[in-house]
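Protein sequence lines, in the order shown, are assigned to chains A and B. For the numbering used here, add 17 to where a residue sits in the first sequence, where the first one is 1. For the numbering used here, add 1336 to where a residue sits in the second sequence, where the first one is 1.
What the hints contain is simulated information worked out from the structure, not anything from laboratory work. Errors might be hidden in some of the hints.
[As the list claims (entries may be wrong)] Here are some chain A residues the structure puts well away from chain B; computed CB gaps all over 10 Å:
| id | residue |
| --- | --- |
| 1 | R61 |
| 2 | K81 |
| 3 | D86 |
| 4 | R89 |
| 5 | L91 |
| 6 | L129 |
| 7 | N132 |
| 8 | R136 |
| 9 | I139 |
| 10 | E141 |
| 11 | L146 |
| 12 | K155 |
| 13 | S158 |
| 14 | K169 |
| 15 | R186 |
| 16 | L193 |
[To be verified] Calculated cross-link-like contacts (lysine-lysine; reagent style DSS-like; alpha-carbon spacing at most 27 Å):
| id | chain 1 | residue 1 | chain 2 | residue 2 |
| --- | --- | --- | --- | --- |
| 17 | A | K25 | B | K1406 |
| 18 | B | K1344 | A | K95 |
| 19 | B | K1355 | A | K83 |
| 20 | B | K1402 | A | K83 |
| 21 | B | K1381 | A | K195 |
| 22 | A | K90 | B | K1381 |
| 23 | B | K1380 | A | K155 |
In this text, a Cβ means the ideal position worked out from N, Cα and C, and glycines have one as well.
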Amino acid sequence: MTTLNPEKWVDRYADYLYNYAIVRVNDHIVAQDIVSETFLSGLRGRKTFQGKSSERTWLISILKRKVIDYYRKLNTQKERAEISVSYQDPEMEGDWIEENVPDLQAQAADELIENEELRLAILECLDQLNENQARIFKMKSIEGLDTETICKELNITPSNLWVILHRARKNMMECLEKNWFK
Amino acid sequence: MKFPRCEKTTSLCDKREYKEANWREIFLIQLHTLYCKECRTYSKKSEHFHRVLQDSALQHLSPDQKQVLKQQIEREMQHVNQPKS
Chain A
18 MTTLNPEKWV DRYADYLYNY AIVRVNDHIV AQDIVSETFL SGLRGRKTFQ GKSSERTWLI
78 SILKRKVIDY YRKLNTQKER AEISVSYQDP EMEGDWIEEN VPDLQAQAAD ELIENEELRL
138 AILECLDQLN ENQARIFKMK SIEGLDTETI CKELNITPSN LWVILHRARK NMMECLEKNW
198 FK
Chain B
1337 MKFPRCEKTT SLCDKREYKE ANWREIFLIQ LHTLYCKECR TYSKKSEHFH RVLQDSALQH
1397 LSPDQKQVLK QQIEREMQHV NQPKS
């Protein structure tokens, strides 16, 4: 049976939940708030966790409800603030500045949606590495930190870093091959 | 120049993906993979994996943002564990 370890939630699941949320709300700050609310709700409701699913699955089910709550709240606000705007002359249609600007956010959102499953598969594999490998892999490959910074922060030598990183990459490749490229 | 061993070559492949291998090291990879099929496979897989990782546009929270989340959890845990008076 699975038990909850809230003190490890951030390191293990924050990025997973964030990647899950960002595609659904398309806003980094909102996604971050939703991750935070998910953790806090999880803590408050931890007695309801029966241990039948994994911690991650349980947290995702909470996050899904938070996303729904977010859209509900947004809809209520919209209804209150709605004003009607019409063009005085039908030929002016499309003249609003907003309509002439390419929707970059929507474009970025499309690209994000496209690779969502892959991102979640990568993070699931990352969760299977040991703590040390996962931390170094994240720092180097996801956060893009340079070797010197990581070595200083973790107080290890560069050759040590490359050995751990090599093991991590090998495990990640094997895991993805099994779960993603199959 | 010594011919590199498999262990050294795969490690150089890792360095190459992070743009931290110099021209001499890249040459050593090419030399070794000419005659070693296993390392040739690793080299290709390593390149492919790195590309997939980059293309995935994986999002992440910054260490500061994570620190804030950790503090929130800590505070909430203290609150939850406090006996109700």
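Tested hints:
1. R61: A/R61 not clear of chain B: closest Cβ-Cβ about 7 Å, inside 10 Å.
2. K81: Holds, because the least Cβ-Cβ distance between A/K81 and chain B comes to about 18 Å, which exceeds 10 Å.
3. D86: holds (18 Å)
4. R89: Consistent with the label, A/R89 stays out of reach of chain B, its closest Cβ about 23 Å off (over 10 Å).
5. L91: holds (21 Å)
6. L129: Label violated. Min Cβ-Cβ 6 Å, cutoff 10 Å.
7. N132: violated (5 Å)
8. R136: Violated: least Cβ distance 5 Å, not greater than 10 Å.
9. I139: violated (6 Å)
10. E141: holds (12 Å)
11. L146: holds (14 Å)
12. K155: A/K155 not clear of chain B: closest Cβ-Cβ about 8 Å, inside 10 Å.
13. S158: violated (6 Å)
14. K169: Holds: least Cβ distance 14 Å, greater than 10 Å.
15. R186: violated (6 Å)
16. L193: violated (7 Å)
17. A/K25 - B/K1406: holds (9 Å)
18. B/K1344 - A/K95: violated (60 Å)
19. B/K1355 - A/K83: violated (40 Å)
20. B/K1402 - A/K83: holds (19 Å)
21. B/K1381 - A/K195: holds (14 Å)
22. A/K90 - B/K1381: violated (46 Å)
23. B/K1380 - A/K155: Holds, because 22 Å separates the two Cα atoms, which is no more than 27 Å.
Of the numbered hints stated above, those contradicted by the structure are hints 1, 6, 7, 8, 9, 12, 13, 15, 16, 18, 19, 22, listed in ascending order.
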